[in-house]
Amino acid sequence: MTHGFNPLGDGPVRLSTKTRELAWRYLSGGFAGRLVRAGDLMSGATGCPGADNQTRHAELAARLAASAPLEIVPEELLAGAAPFMEATEHLIPGWPGMGSISHTTVDFGDAVAKGLSGLEAELAELNRRESDPGRAGFRRALLTAAGAMRTWMWRYAAAYEDMAENCGDDGAGREFFFDISAVLRRLMTAPPSNFREALQSFWLFFEFQRLCGNWSGLGRFDLILGKYLERDLASGAITPGFARELVAHFWIKGTEWCHGLRAGSRFAPGSGDAQVYQNIILGGIDPATGLPVENAVTFLVLDVIEELHISDYPVAVRVGPGTSEQLLRRIAEVQLCGGGIVSIYNEPVVLAGLRGLGIPERQALSFTNDGCWEVIVPGRTNFGYRPFDALIALQRVLFPPRGMNSFESLYAGFTGELAKMCDDLRDSIEAEFYTGRCSHPAAVLSLLMPSCRESGRSYCDFGAEYTVRAIHAGGLPDVANSLLAIKKYVFDEKRLTLAELSAVLENDWHGAEALRREIVRDLICYGNDDDAADAMMLRVFNDYTAIVAARSKVRDVLVPCGVSTFGREIEFARRRKAVAFGRFAGEYLAPNLSPTPGTGRLPLTAAIRSYCKMDFTRTPNGCPLDLRLEAGIRGTGDAAAAVVELLRGFIKLGGFYLQLDTVSVEMLREARRDPDRFPNLVVRISGWSARFATLSGEWQEMIINRAAGESRS
Amino acid sequence: MSGVVFDIAGFSLRDGPGIRTAVFLKGCPLRCVWCHNPESQNLAPELFFEPEKCAGCGKCRTVDCPVNFDRANCVGCGRCAAVCVYGARRIIGRRMTAAEVLAAVRRDVPFYGASGGMTLSGGEPLFQFDFALELLKLAAAEKIGTTVVETCGELPTEHLLAAAEYVELFYFDLKAADPGLHRRLTGRGNRTIIGNLEALAGTGARIKVRCPVIPGCNDAPAELEAVRRIVSGFGLGAVEFLPSNPAAAAKYAGLNRSYPAGSGRGSTFSGAADSSGAALTGPVSSPKRTDGSSGTPE
Ligand code: SF4
Ligand code: SF4
Ligand code: SF4
Ligand code: SF4
Chain F
1 MTHGFNPLGD
11 GPVRLSTKTR
21 ELAWRYLSGG
31 FAGRLVRAGD
41 LMSGATGCPG
51 ADNQTRHAEL
61 AARLAASAPL
71 EIVPEELLAG
81 AAPFMEATEH
91 LIPGWPGMGS
101 ISHTTVDFGD
111 AVAKGLSGLE
121 AELAELNRRE
131 SDPGRAGFRR
141 ALLTAAGAMR
151 TWMWRYAAAY
161 EDMAENCGDD
171 GAGREFFFDI
181 SAVLRRLMTA
191 PPSNFREALQ
201 SFWLFFEFQR
211 LCGNWSGLGR
221 FDLILGKYLE
231 RDLASGAITP
241 GFARELVAHF
251 WIKGTEWCHG
261 LRAGSRFAPG
271 SGDAQVYQNI
281 ILGGIDPATG
291 LPVENAVTFL
301 VLDVIEELHI
311 SDYPVAVRVG
321 PGTSEQLLRR
331 IAEVQLCGGG
341 IVSIYNEPVV
351 LAGLRGLGIP
361 ERQALSFTND
371 GCWEVIVPGR
381 TNFGYRPFDA
391 LIALQRVLFP
401 PRGMNSFESL
411 YAGFTGELAK
421 MCDDLRDSIE
431 AEFYTGRCSH
441 PAAVLSLLMP
451 SCRESGRSYC
461 DFGAEYTVRA
471 IHAGGLPDVA
481 NSLLAIKKYV
491 FDEKRLTLAE
501 LSAVLENDWH
511 GAEALRREIV
521 RDLICYGNDD
531 DAADAMMLRV
541 FNDYTAIVAA
551 RSKVRDVLVP
561 CGVSTFGREI
571 EFARRRKAVA
581 FGRFAGEYLA
591 PNLSPTPGTG
601 RLPLTAAIRS
611 YCKMDFTRTP
621 NGCPLDLRLE
631 AGIRGTGDAA
641 AAVVELLRGF
651 IKLGGFYLQL
661 DTVSVEMLRE
671 ARRDPDRFPN
681 LVVRISGWSA
691 RFATLSGEWQ
701 EMIINRAAGE
711 SRS
Chain S
1 MSGVVFDIAG
11 FSLRDGPGIR
21 TAVFLKGCPL
31 RCVWCHNPES
41 QNLAPELFFE
51 PEKCAGCGKC
61 RTVDCPVNFD
71 RANCVGCGRC
81 AAVCVYGARR
91 IIGRRMTAAE
101 VLAAVRRDVP
111 FYGASGGMTL
121 SGGEPLFQFD
131 FALELLKLAA
141 AEKIGTTVVE
151 TCGELPTEHL
161 LAAAEYVELF
171 YFDLKAADPG
181 LHRRLTGRGN
191 RTIIGNLEAL
201 AGTGARIKVR
211 CPVIPGCNDA
221 PAELEAVRRI
231 VSGFGLGAVE
241 FLPSNPAAAA
251 KYAGLNRSYP
261 AGSGRGSTFS
271 GAADSSGAAL
281 TGPVSSPKRT
291 DGSSGTPE
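Chains as they are written, first to last, in our numbering: chain F, 1 to 713; chain S, 1 to 298.
The following block holds chain F by itself, in its conformation from the complex:
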């Protein structure tokens, strides 16, 4: 049987029927039923009640590892599963009510290269030289966590051996299961020696932290695994076809938590069942060599995404001067498949931003993200961000209007409010870290963080070399558009006073429909490559970024600047009154630094040009542009070549991060009416993609509104 994976139309078939069948079963929820609850493993636990949280956490990990149901699907090439329901809810399984950790990427490259035994040896060595009992104790907890992982691997190895022995006369089956168990046994004592072992090792480390409830991003997949595969391909130890099957299994197993139940759960209300911050980075400069990474793994990943349309690992490619034509072309082809699964960073701009923050070159070169798109140094960063709606700062000076007699005084009032909001956020950051030491259980993630092992401190307690709480403004384009309208109609043309406008907006344009229509018809907003409009955007952007940069540290916490909304347009909308550029109260406005939907008069190249007028080294934590291509362009001439030029233009003009999706608005509308017909319809949200059917109605509406408001090509 052949399955269609992509509702916009499938591409070439390269994978085996077996693997495609497996993907189909996962994606149609065939494995959802096997998620179980760990319940309470803390009360009555044998561990010492006086022990610190990291020790208790490591001991809990040992209990989870010893008791987790083993999930063995006979046709799978990779072993290991994370079947606890609590983990999918952002909780630590077995520790009732205890939240787990997300929004970071540990150093899987380091873990794979050293192997579990290498990590243990390193911890033992560090403790031999340790004089501080607290740090030594912490490392012992990490050793316990490592031991837990070994237990878990051992249980799998034994189970696969049992499977092999139960194969009877089926020689091929025996060999298949023995192979897997042999890989597991080797990885218990040594680092991987080939691609298959390296991939299995990566999967085990990733999966073990998921087993314990954490949501780390994966990081630089092709940099970590490429050397193993290139070596095996050169020696003929593996075929490209089999390597692709292995990578496909990594992608398929990554959908294991998608049970469709998360819509409405308290952690990700409605934002889709795949928002678990497990981003993968491809391409970019290798800090060890200074050369661009592009290898067989890079291309196999894109093959798999193209064929199976799996969006659970959002992929971001670091595009720089060294990126090949061939890779750009593959990115474009996959982007045209829809789902917005592959996005791009402009590497030189990201690097310049990190240098500006004082990050040493080699660490800057290693950058990944927190699982969405916020830029971090992997394995060394405790990350979080503080979002706020910048439009509220403007509302504070408009309702009631503060005796403003010039545009400049209004503007100064706005930036004053903006600065206050940022100060409040800094206070909350200070309160988070300096009202006492954070003892949040983080032993498992700390094990995979080189800087936690080195420092002997936990992830949450400044064990990470960088503790980062970024400030993220949303709504900046809406602020700029509002200011443009106020300047033009109140101060330049004097069509009404600020007090009158304020009253009109307070009344949601009631009684002023003709004026509202006129503004919508005539006001050229940000995003149309209009010099005046974009100058206002630039002014707002520069003032906001300067306010954040003025104090980029709260004691030891780094506070870099970013711009985001993710899906927060929904939550922002509830507090928003009508805006001066002609929109009603409560409308879903601009995502990230993208133009406000419905304000575009020109096609998306104009939006790129407008956006690129900002200097994104001022937003080192990130500032995305979201764009959508109408699915109809898939049929025109060489659409991929055109998308390549679009990407190149974005890079040339100095953009930061581009999330390009290909959507059929019509299909989205149909899917809103009848979700069951489009189970695998995937849309980019921001930093992650979601299966449309698993979004709540509110989110579906926002996505349609965004896409319909933007499709102007």
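Quick caveat, the hints were computed from the structure, so don't treat them as lab data.
Every value quoted in this text rests on a predicted model; they were computed, and no experiment measured them.
All residues carry an ideal CB built from backbone N, CA and C; glycine is no exception.
Treat the hints with care, as some may be off.
[Said to hold, decoys possible] Simulated DEER-style distance windows between Cβ atoms:
1. F:D674 x S:F241: 33 to 43 Å
2. S:V83 x F:R673: 33 to 43 Å
3. S:V83 x F:K553: 51 to 61 Å
4. S:S2 x F:R601: 14 to 24 Å
5. S:S2 x F:P400: 48 to 58 Å
6. S:F241 x F:P321: 42 to 52 Å
7. S:E198 x F:R673: 49 to 59 Å
8. F:D615 x S:R206: 34 to 44 Å
9. F:D543 x S:D130: 43 to 53 Å
10. S:S2 x F:R673: 48 to 58 Å
11. S:C77 x F:E701: 37 to 47 Å
12. F:G632 x S:A114: 16 to 26 Å
Take the given structure of chain F and dock chain S with the ligands to it, following the hints.
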């Protein structure tokens, strides 16, 4: 130098290779019965009215209309459109200088790469010959991507050949081989067009010949074969036969014109289009319905 432009469409992937900016110039010597862009046919800017957008606010009636709202004699001054904030009344066509057009085209230079650039379309882009030639020369002088022209071929041969010096690729329409059929479909015979195609082919220009195929109009196998023969006789490659449908009637209604292709898809066209395109009255559009001068929603 200036000309009348009815649209500039950026990020166009359908008007030639790569990412293109298509500049649509107003004015066309033909009146094809299926024409999808009737607003491109007349050279002068003209009023377009969409009754479904009209809110009946009456604002348009307050302006000083030079023809006292007699739509048939509307001179396209745009006064009524300027006050219509609902967008029901718009003026199609804007006088722009060549420098203004080039400035719009230049904006997408970062995206043109090796293959993209400016496409002149219409209407018939070479109908405003001096203006079009100026645009082509400026784009060539600045090396703005590659330049494409979409022509219907009905124009003085010397114009076509002069333009060809600055054009990378022509899309050349040949709508029918039979002169009588061609006249019935477009209002003119095809002698000039075929002659121009031959002359242009003789210069070695890159040409892609296209033939819109309208069911019931020009889709007889013998007719298509004849088109193919003419084109291959000039040593040109395969003809691209584009399946087309008669245009939507609404655009004609918006221009206060009757719809030449009858009442719908697949209808057999048998009448003749005169140069005003108004010989046939389709049942969809009565002149009354398109008249917004009453100032009430209709
Ligand atoms: S952790 Fe300390 S208090 Fe607890 S059992 Fe061990 S030695 Fe005793
Ligand atoms: S009456 Fe209709 S056409 Fe006239 S200005 Fe009002 S909305 Fe526009
Ligand atoms: S109808 Fe409008 S566009 Fe036409 S002449 Fe009168 S005011 Fe001018
Ligand atoms: S040549 Fe083109 S623009 Fe002119 S009437 Fe025919 S279809 Fe319309």
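Outcome of the hint check:
One distance hint, 33 to 43 Å for the beta-carbon pair D674 (chain F) and F241 (chain S), holds here, with the actual separation near 37 Å. For V83 (chain S) and R673 (chain F), the hinted distance range of 33 to 43 Å is satisfied, since their beta carbons lie about 39 Å from each other. Between V83 (chain S) and K553 (chain F) the beta carbons are some 56 Å apart, a value that agrees with the proposed interval 51 to 61 Å. Judged by the Cβ atoms, the range 14 to 24 Å given for S2 (chain S) and R601 (chain F) holds: they are separated by roughly 22 Å.
Here the CB-CB span from S2 (chain S) to P400 (chain F) is close to 49 Å, well matched to the stated 48 to 58 Å. For F241 (chain S) and P321 (chain F), the Cβ-Cβ distance of about 44 Å falls inside the hinted range of 42 to 52 Å, so the restraint holds. The beta-carbon spacing between E198 (chain S) and R673 (chain F), approximately 55 Å, falls within the hinted interval of 49 to 59 Å. Distance hint check: the CB atoms of D615 (chain F) and R206 (chain S) are about 42 Å apart, consistent with the given range 34 to 44 Å.
Between D543 (chain F) and D130 (chain S) the beta carbon distance is about 48 Å. The supplied range of 43 to 53 Å therefore holds. Restraint check, S2 (chain S) to R673 (chain F): a C-beta distance of roughly 49 Å satisfies the suggested window 48 to 58 Å. Here the CB-CB span from C77 (chain S) to E701 (chain F) is close to 42 Å, well matched to the stated 37 to 47 Å. Judged by the Cβ atoms, the range 16 to 26 Å given for G632 (chain F) and A114 (chain S) holds: they are separated by roughly 24 Å.
Of the numbered hints given earlier, the model fails none.
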